[in-house]
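The listed protein sequences derive, respectively, from chains G and X. Using the numbering used here, count along the first sequence one by one with no gaps and you end on 183. Using the numbering used here, count along the second sequence one by one with no gaps and you end on 183.
Just so you know, the hints here were simulated from the structure itself, not pulled from any lab data. Please note: incorrect hints may appear among the correct ones.
Note that the list lumps identical chains together, so a pair holds whenever it fits in one copy or between two copies.
[Claimed, not checked] Within a straight-line C-alpha distance of at most 25 Å, the following computed DMTMM-like cross-link-like pairs (lysine to aspartate or glutamate) qualify:
hint	residue 1	residue 2
1	Lys68	Glu97
2	Lys6	Asp66
3	Lys68	Asp7
4	Lys6	Glu108
5	Lys82	Asp66
6	Lys82	Asp64
7	Lys179	Glu31
8	Lys143	Asp64
9	Lys126	Glu107
10	Lys126	Asp64
11	Lys137	Glu65
12	Lys169	Glu65
13	Lys137	Asp66
If you're wondering where the values come from, they're calculated on a predicted model, not measured in any experiment.
Protein chains: 2
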Amino acid sequence: MKSMTKDALLSAFGGESMAHMRYLVFAVQAEREGFPNIARLFRAIAHAEYVHASNHYNILRDFDEDAKVVSGAPIGPGTTVKNLNLAIRGEEFEVEEMYPIYIKIAEEQGEKQAVRSFRWALEAEKIHAELYKEALKSAEEGKDFQIKGKVWICPVCGHTYIGEEPPEKCPVCGAPREKYVGF
Amino acid sequence: MKSMTKDALLSAFGGESMAHMRYLVFAVQAEREGFPNIARLFRAIAHAEYVHASNHYNILRDFDEDAKVVSGAPIGPGTTVKNLNLAIRGEEFEVEEMYPIYIKIAEEQGEKQAVRSFRWALEAEKIHAELYKEALKSAEEGKDFQIKGKVWICPVCGHTYIGEEPPEKCPVCGAPREKYVGF
Ligand SMILES: [Fe+2]
Ligand SMILES: [Fe+2]
Ligand SMILES: [Fe+2]
Ligand SMILES: [Fe+2]
Ligand SMILES: [Fe+2]
Ligand SMILES: [Fe+2]
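Looking at chain G on its own, in the form it has when it is part of the complex:
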């Protein structure tokens, strides 16, 4: 694997791992404030970030070394309103800068697995940014987020969907409805 694609995968693995972790921390705080649905949204999206991190990490299978990883992370935690703002900033950075550039790097270097893993993540992060913005509106009014049905996560690509049932097949990776995990 070319070294700049490797660096991009490492950085994305670090970023996704920390996003996953932040959302678990934020879920605990949302519960404390009496926002069980915002907590549920954080836990569901944490699972999508797990899917992304896992996909990126598994592409690095041919290495056997101790790498240094450089990644971005919004800090620090506070109220749910503050936490949702941190979450939105993290997702928007991934959507507007990070993943578009990482896709270009991997395309330029002909690293097809990395291109696919970055594209799958990008599609989910767009949805995450929107869902967190909606949740922020509720939290700012002191209300919990309304979820009709469940938050569904595609375990192959991390696609995130709110509804009574998951989509018939994943619009991002094509996985069948039965694979989706509901939160």
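Chain G is fixed; fit chain X with the ligands onto it per the hints.
Frame of chain G; chain X with the ligands shown alone:
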């Protein structure tokens, strides 16, 4: 907060988040190879790393910024024998170099919460390294790891203990038996 303690907390947060994530990835592989107890050990220790990451991150509560995080991560995943070797390397780095130095930095700078969070992590990482070494011996012989009882995690400090019941109180942080989470 002094800037070198902040950098150490950030780096430890990144390292713990990625360790948590790797162990979730490694658990899936252990299940595939027919090692359910090694998978259970990975999931339990992933929870301890969640406790560490969460403790470190929560100390950063007064910030509101997008930080750059530099952390180490052993790559890449493979068979359970390879994964256990990566896990042992990560834990030993934390025990032999990282946490002893981060404790010195935080002590020098009078950052008591960081000292405590680093000490709690160090104590657990010593146990993690030993447990993974035992699991590696089994995996190298093609056998699953033997767990008598459960793997118990202290949700306050990440202390990790195998037995029928958790200890009467946590030997690291003093939390009572009832708080432990069993895997
Ligand atoms: Fe993601
Ligand atoms: Fe996301
Ligand atoms: Fe999908
Ligand atoms: Fe840890
Ligand atoms: Fe550990
Ligand atoms: Fe403890």
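Hint check results:
1. Lys68 <-> Glu97: both (21 Å within a copy, 15 Å between copies)
2. Lys6 <-> Asp66: both (13 Å within a copy, 23 Å between copies)
3. Lys68 <-> Asp7: Result: close both inside a copy and across copies, 9 Å intra and 15 Å inter.
4. Lys6 <-> Glu108: within (13 Å within a copy, 37 Å between copies)
5. Lys82 <-> Asp66: Answer is between; shortest inter-copy Cα gap is 13 Å, intra-copy 35 Å.
6. Lys82 <-> Asp64: between (39 Å within a copy, 9 Å between copies)
7. Lys179 <-> Glu31: The answer is between: 18 Å across copies meets 25 Å, while 28 Å in one copy does not.
8. Lys143 <-> Asp64: between (48 Å within a copy, 23 Å between copies)
9. Lys126 <-> Glu107: within (21 Å within a copy, 42 Å between copies)
10. Lys126 <-> Asp64: between (33 Å within a copy, 23 Å between copies)
11. Lys137 <-> Glu65: between (45 Å within a copy, 21 Å between copies)
12. Lys169 <-> Glu65: neither (38 Å within a copy, 38 Å between copies)
13. Lys137 <-> Asp66: between (42 Å within a copy, 22 Å between copies)
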